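My request is simple: use the sequences and hints to build the entire structure.
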Amino acid sequence: LDINLKEIAQRLNLELVGDGSVEISGIANLIDASATELTFLFSVGYKKHLETTSAAAVILRREDADGCAIPAIISPQPRLSWGHVAALFDREPVPDGNIHPSAVIHQAAKLSENVTIGANAVIESGAEIGPDSAIGPGCVVGQQVIVGKNCRINANVTLYHHIQLGDRVIVHAGAVIGADGFGFEFDGATGTLVKISQIYSVIIGNDVEIGAGTTIDRGALNDTLIGDGVKLDNQVQIGHGTQVGANTAISGCTAIAGSTKIGSYCLIGGAVGIIDNIEIADQVEITAKSLVSQSITEKGRYSSGTGLMQSKDWKRNIVVFKKLDKLLRRVRGLEAKIR
Amino acid sequence: LDINLKEIAQRLNLELVGDGSVEISGIANLIDASATELTFLFSVGYKKHLETTSAAAVILRREDADGCAIPAIISPQPRLSWGHVAALFDREPVPDGNIHPSAVIHQAAKLSENVTIGANAVIESGAEIGPDSAIGPGCVVGQQVIVGKNCRINANVTLYHHIQLGDRVIVHAGAVIGADGFGFEFDGATGTLVKISQIYSVIIGNDVEIGAGTTIDRGALNDTLIGDGVKLDNQVQIGHGTQVGANTAISGCTAIAGSTKIGSYCLIGGAVGIIDNIEIADQVEITAKSLVSQSITEKGRYSSGTGLMQSKDWKRNIVVFKKLDKLLRRVRGLEAKIR
Amino acid sequence: LDINLKEIAQRLNLELVGDGSVEISGIANLIDASATELTFLFSVGYKKHLETTSAAAVILRREDADGCAIPAIISPQPRLSWGHVAALFDREPVPDGNIHPSAVIHQAAKLSENVTIGANAVIESGAEIGPDSAIGPGCVVGQQVIVGKNCRINANVTLYHHIQLGDRVIVHAGAVIGADGFGFEFDGATGTLVKISQIYSVIIGNDVEIGAGTTIDRGALNDTLIGDGVKLDNQVQIGHGTQVGANTAISGCTAIAGSTKIGSYCLIGGAVGIIDNIEIADQVEITAKSLVSQSITEKGRYSSGTGLMQSKDWKRNIVVFKKLDKLLRRVRGLEAKIR
Numbered sequence: 001l002d003i004n005l006k007e008i009a010q011r012l013n014l015e016l017v018g019d020g021s022v023e024i025s026g027i028a029n030l031i032d033a034s035a036t037e038l039t040f041l042f043s044v045g046y047k048k049h050l051e052t053t054s055a056a057a058v059i060l061r062r063e064d065a066d067g068c069a070i071p072a073i074i075s076p077q078p079r080l081s082w083g084h085v086a087a088l089f090d091r092e093p094v095p096d097g098n099i100h101p102s103a104v105i106h107q108a109a110k111l112s113e114n115v116t117i118g119a120n121a122v123i124e125s126g127a128e129i130g131p132d133s134a135i136g137p138g139c140v141v142g143q144q145v146i147v148g149k150n151c152r153i154n155a156n157v158t159l160y161h162h163i164q165l166g167d168r169v170i171v172h173a174g175a176v177i178g179a180d181g182f183g184f185e186f187d188g189a190t191g192t193l194v195k196i197s198q199i200y201s202v203i204i205g206n207d208v209e210i211g212a213g214t215t216i217d218r219g220a221l222n223d224t225l226i227g228d229g230v231k232l233d234n235q236v237q238i239g240h241g242t243q244v245g246a247n248t249a250i251s252g253c254t255a256i257a258g259s260t261k262i263g264s265y266c267l268i269g270g271a272v273g274i275i276d277n278i279e280i281a282d283q284v285e286i287t288a289k290s291l292v293s294q295s296i297t298e299k300g301r302y303s304s305g306t307g308l309m310q311s312k313d314w315k316r317n318i319v320v321f322k323k324l325d326k327l328l329r330r331v332r333g334l335e336a337k338i339r
Numbered sequence: 001l002d003i004n005l006k007e008i009a010q011r012l013n014l015e016l017v018g019d020g021s022v023e024i025s026g027i028a029n030l031i032d033a034s035a036t037e038l039t040f041l042f043s044v045g046y047k048k049h050l051e052t053t054s055a056a057a058v059i060l061r062r063e064d065a066d067g068c069a070i071p072a073i074i075s076p077q078p079r080l081s082w083g084h085v086a087a088l089f090d091r092e093p094v095p096d097g098n099i100h101p102s103a104v105i106h107q108a109a110k111l112s113e114n115v116t117i118g119a120n121a122v123i124e125s126g127a128e129i130g131p132d133s134a135i136g137p138g139c140v141v142g143q144q145v146i147v148g149k150n151c152r153i154n155a156n157v158t159l160y161h162h163i164q165l166g167d168r169v170i171v172h173a174g175a176v177i178g179a180d181g182f183g184f185e186f187d188g189a190t191g192t193l194v195k196i197s198q199i200y201s202v203i204i205g206n207d208v209e210i211g212a213g214t215t216i217d218r219g220a221l222n223d224t225l226i227g228d229g230v231k232l233d234n235q236v237q238i239g240h241g242t243q244v245g246a247n248t249a250i251s252g253c254t255a256i257a258g259s260t261k262i263g264s265y266c267l268i269g270g271a272v273g274i275i276d277n278i279e280i281a282d283q284v285e286i287t288a289k290s291l292v293s294q295s296i297t298e299k300g301r302y303s304s305g306t307g308l309m310q311s312k313d314w315k316r317n318i319v320v321f322k323k324l325d326k327l328l329r330r331v332r333g334l335e336a337k338i339r
Numbered sequence: 001l002d003i004n005l006k007e008i009a010q011r012l013n014l015e016l017v018g019d020g021s022v023e024i025s026g027i028a029n030l031i032d033a034s035a036t037e038l039t040f041l042f043s044v045g046y047k048k049h050l051e052t053t054s055a056a057a058v059i060l061r062r063e064d065a066d067g068c069a070i071p072a073i074i075s076p077q078p079r080l081s082w083g084h085v086a087a088l089f090d091r092e093p094v095p096d097g098n099i100h101p102s103a104v105i106h107q108a109a110k111l112s113e114n115v116t117i118g119a120n121a122v123i124e125s126g127a128e129i130g131p132d133s134a135i136g137p138g139c140v141v142g143q144q145v146i147v148g149k150n151c152r153i154n155a156n157v158t159l160y161h162h163i164q165l166g167d168r169v170i171v172h173a174g175a176v177i178g179a180d181g182f183g184f185e186f187d188g189a190t191g192t193l194v195k196i197s198q199i200y201s202v203i204i205g206n207d208v209e210i211g212a213g214t215t216i217d218r219g220a221l222n223d224t225l226i227g228d229g230v231k232l233d234n235q236v237q238i239g240h241g242t243q244v245g246a247n248t249a250i251s252g253c254t255a256i257a258g259s260t261k262i263g264s265y266c267l268i269g270g271a272v273g274i275i276d277n278i279e280i281a282d283q284v285e286i287t288a289k290s291l292v293s294q295s296i297t298e299k300g301r302y303s304s305g306t307g308l309m310q311s312k313d314w315k316r317n318i319v320v321f322k323k324l325d326k327l328l329r330r331v332r333g334l335e336a337k338i339r
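Chains as they are written, first to last, in our numbering: chain F, 1 to 339; chain C, 1 to 339; chain U, 1 to 339.
Treat the hints with caution; some may be incorrect.
Unchecked claim - No more than 16 Å apart at the CA atoms, straight line, and that leaves these computed lysine to aspartate or glutamate pairs for EDC-like: (1) Lys315/U x Asp325/F; (2) Lys195/C x Glu92/U; (3) Lys149/U x Asp207/U; (4) Lys312/U x Glu285/C; (5) Lys322/C x Asp325/U; (6) Lys312/C x Asp207/F; (7) Lys299/C x Asp313/U; (8) Lys323/U x Glu63/C; (9) Lys326/C x Glu335/U; (10) Lys337/C x Glu335/F; (11) Lys326/F x Asp313/U; (12) Lys337/C x Glu335/U; (13) Lys326/F x Glu335/C; (14) Lys261/C x Asp325/U; (15) Lys326/U x Asp313/C; (16) Lys195/F x Asp228/C; (17) Lys312/F x Glu298/U; (18) Lys195/F x Glu335/C; (19) Lys322/C x Asp313/F; (20) Lys195/F x Asp90/C; (21) Lys195/U x Asp90/F; (22) Lys315/U x Asp282/C; (23) Lys195/C x Asp313/U; (24) Lys261/F x Asp32/C; (25) Lys323/C x Asp325/U; (26) Lys326/F x Asp325/C; (27) Lys312/F x Glu285/U; (28) Lys337/U x Glu335/C; (29) Lys322/F x Asp325/C; (30) Lys337/U x Glu335/F; (31) Lys261/C x Asp282/C; (32) Lys195/U x Asp207/F; (33) Lys337/F x Glu92/U; (34) Lys149/C x Asp167/C.
These are computed hints drawn from the structure, not numbers from a lab. Small disclaimer: the values here were computed from a predicted structure and weren't measured.
What follows is the structure, encoded as structure tokens:
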């Protein structure tokens with residue numbers, strides 16, 4: 001890409017301050033940026049690095065621009081501008097619109113125009129791939145799967161039978177969509193766990209991104225639903241029949257059990273656990289590694305867990321934690337005596 | 001499937017109440033069921049939905065059947081009946097008994113009768129696949145692996161060399177069985193971690209189900225053992241040399257370290273952590289996201305963690321948690337003074 | 001392998017005590033070892049099992065050798081000797097140096113001498129595979145990826161475009177390196193999350209081992225860096241732009257968010273969570289399932305969480321935990337009154 005700062009400002013429709021003729025070769029953070037790279041000031045706390053950065057230019061808020069010694073683009077939301085600029089410098093290979101000859105495509109599968117199918121991918125009977133979508137190498141697309149238009153399914157993804165994906169869905173490598181939910185019932189007569197067939201499906205909306213190694217199970221008594229604009233990080237687990245509301249973002253390694261309803265515009269941290277059969281309201285934020293063991297009916301920020309401490313201190317404290325109930329009663333007893 | 005309610009009752013050997021001639025097209029939950037679907041009442045708490053359901057019929061317990069306005073099948077254990085009925089409506093493709101021509105099968109591999117091998121699967125030297133078993137597309141079955149009869153290995157599964165699976169084992173997509181356990185020893189002379197070869201294997205019993213993305217490591221000084229009837233959900237991790245007793249069920253994202261022995265008929269919740277070299281008795285239940293940091297010698301239900309709360313309250317409480325030991329001593333001091 | 005105890009002692013350059021002519025067929029733990037197997041005494045706590053072991057011989061420390069009734073090899077660090085001995089008995093198939101005819105290798109990929117490419121692997125344009133390295137069946141190696149020498153990439157691994165691996169790197173099945181980091185910014189104008197292209201890469205040093213199902217994301221404003229000698233267990237998640245220092249070991253299912261710097265020689269337990277944008281010093285140890293929510297500036301051992309207890313007791317205690325702040329104030333009140 002051959003672009004100068006002025007052209008970037010024009011593309012973003014933002015104000016340029018300083019020399020716009022500098023050629024921009026890429027983007028980088030404030031500390032590592034080289035003399036031909038554009039950088040960003042996201043928060044005032046990093047302003048000290050702006051004084052020493054080698055960057056060619058910076059995107060920052062007007063209120064942070066005072067005293068800036070390098071050319072700048074003024075943005076009301078530098079992180080959003082970052083999103084717009086980064087795409088210009090992305091080296092990610094573009095799908096070539098070819099069906100690789102090593103791919104195994106069932107004659108009863110339907111491929112729309114400009115579909116890319118990678119090497120050794122497998123497309124099974126009745127599957128439909130929408131226009132401009134790309135299926136990566138090594139993917140397995142099961143029977144009757146529907147993939148919308150302009151989707152990007154990366155390598156080695158598995159889509160089980162009858163799954164549906166909307167438009168502009170990105171799925172990262174190794175994700176598995178539509179495996180059986182975890183459903184068993186104990187049969188006292190045989191002393192074994194009887195499998196409950198998971199006969200429903202997974203329906204994924206438009207503009208969803210699904211991380212590497214993430215698993216979304218098919219439903220048992222209703223479909224698992226992932227709303228429009230949902231973003232799932234890597235190694236997330238979504239149980240059978242669970243619903244995730246539109247534009248909710250869920251960070252890595254979070255485990256969500258079955259039949260739970262999560263609202264829209266939630267921000268769920270990494271390594272969170274959410275139990276089954278509860279409801280979480282819209283705009284709920286859950287901090288990293290919390291356990292959500294009951295419904296949340298009001299928006300807000302929620303947490304669980306204990307703070308990190310040195311292990312030797314922690315051991316003393318958890319001994320007391322195990323007797324907290326008794327400690328409370330001892331305090332009550334004292335209060336009664338000295339009332 | 002073309003079946004009416006009376007035929008379903010007969011297959012389940014259960015009592016029918018009301019009109020058995022209604023054609024059943026599928027199953028669904030109480031709220032979503034349509035006029036041709038069968039539903040279930042699992043607990044009395046949902047009985048209000050029975051009054052408004054559009055379902056054609058319901059399976060419920062005798063004590064919940066009073067006043068039921070739709071045809072019903074009486075079951076002592078509706079969830080178990082659900083397991084039996086759901087299988088009737090499963091659209092999961094049945095293995096076709098074919099070896100796909102794109103599969104790469106070593107000449108020294110042994111395939112029994114009626115084995116299905118999916119497209120682009122790889123079966124290495126010395127592997128044995130039992131009768132009626134199916135290996136999904138993109139799977140890699142390593143050297144000397146033994147797969148029993150009537151197993152179902154879904155797409156993109158990796159079985160490392162020398163692994164053994166019993167009969168009727170289901171493995172979901174992306175699972176990895178037999179990777180090296182995590183074994184290193186620090187060598188002070190070089191300042192590096194020296195790898196300890198993981199020379200043992202993984203032995204999996206009969207009727208085991210293994211979830212998508214689950215990983216089970218091979219042993220270092222003894223085999224990793226998964227007992228008969230064990231059910232592992234998605235993204236479970238089983239460390240090297242660990243044993244899981246028969247009919248134990250482990251929910252998603254639970255991590256179990258090495259050389260630990262877990263009993264039979266345990267119910268282990270999601271996102272639980274279990275450390276290495278401990279023993280857990282039979283019939284132990286662990287609630288979601290607990291850490292098991294010592295052996296459990298008696299059956300029962302165990303937990304760890306703190307309850308979820310609003311983050312601002314949580315922050316105040318964890319400050320106190322870090323001083324719990326001191327708080328206890330202050331209470332003791334007060335008690336001494338006002339004795 | 002046909003080797004006797006004396007030859008093993010010579011290979012390890014360690015002292016032999018007793019009859020060295022016994023043929024050793026393999027290694028096993030103290031309890032399970034058969035009469036032709038070599039075993040190990042790692043800690044004095046297991047010495048009682050030494051009296052009853054059926055093993056042919058044992059490797060132990062000099063201070064534990066007293067009264068040992070079987071032939072022994074004296075080692076200052078038996079676990080390290082185990083590492084050296086185990087490799088002798090490893091049945092792991094050795095790469096055969098062949099390019100499987102079913103592999104799909106782009107004409108613009110570069111394969112060095114003695115490279116092994118497994119069946120149905122895909123090597124894309126511009127990828128370079130160093131000498132003596134092996135790419136397993138079903139792997140996808142993206143465009144411009146560089147793999148060093150003597151690497152072992154197991155089955156069904158995905159390496160995204162432009163990733164770099166050093167020498168002697170082992171990657172286990174199903175791992176995904178270089179998927180997009182989780183980067184989005186909320187656009188109030190559209191009410192949606194805008195994707196931030198993740199344009200940097202992942203750079204992995206020498207002698208790194210990466211577990212099954214582990215995911216390492218590519219960076220957004222700088223490369224994700226995995227130092228020399230780092231060992232990552234299964235299902236670990238490394239966020240975009242994060243750095244892991246040399247010779248750090250991270251156990252299974254640990255989730256590390258983005259832009260965090262982890263020091264060298266750290267030992268991070270299983271199922272730990274580490275938030276974004278913090279720094280962890282060298283030689284820090286984190287116990288299993290802890291949440292690291294702030295930087296750690298000094299070496300030492302750190303923990304969070306509560307101890308495991310019976311669920312009924314736990315429920316009572318977490319009620320008090322939620323009021324800890326108030327409890328502290330009640331104790332202060334009492335102290336004020338009886339001063």
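- prompt: Are Lys195/C and Asp313/U close enough, with their CA atoms no more than 16 Å apart?
  reply: Violated. Lys195/C to Asp313/U sits at ~42 Å, over the 16 Å cutoff.
message: For a C-alpha distance cap of 16 Å, please report whether Lys326/U and Asp313/C respect it.
response: holds (10 Å)
- request: Compare the distance between the alpha carbons of Lys312/C and Asp207/F with 16 Å, and conclude whether the hinted pair is satisfied.
  value: Violated, at about 33 Å.
message: Between the alpha carbons of Lys315/U and Asp282/C, is the straight-line distance 16 Å or under?
response: Violated, at roughly 23 Å.
task: Measure nothing beyond the straight line between the CA atoms of Lys299/C and Asp313/U; if it is 16 Å or shorter, mark the hint as holding.
output: Holds - the C-alpha atoms of Asp313/U and Lys299/C are around 15 Å apart, at most 16 Å.
task: Please work out if Lys326/F and Asp325/C have their alpha carbons no farther apart than 16 Å.
output: holds (14 Å)
field: Pair hint Lys323/U and Glu63/C, alpha-carbon separation not exceeding 16 Å
entry: violated (41 Å)
query: Holds or violated: Lys261/F with Asp32/C, Cα cutoff 16 Å?
result: Cα-Cα ~15 Å, so holds.
message: Checking one constraint from the list: CA of Lys337/U to CA of Glu335/C, max 16 Å. Satisfied?
response: Given pair Lys337/U, Glu335/C holds - Cα atoms ~13 Å apart, limit 16 Å.
query: Is it true that the CA of Lys195/F sits at most 16 Å from the CA of Glu335/C?
result: Violated, at roughly 57 Å.
Restraint check for Lys323/C with Asp325/U, where alpha carbons must lie at most 16 Å apart: holds (11 Å)
task: Measure nothing beyond the straight line between the CA atoms of Lys322/C and Asp325/U; if it is 16 Å or shorter, mark the hint as holding.
output: holds (11 Å)
Going through the hint list in order, the structure does not satisfy hints 6, 8, 14, 18, 22, 23 and 33.
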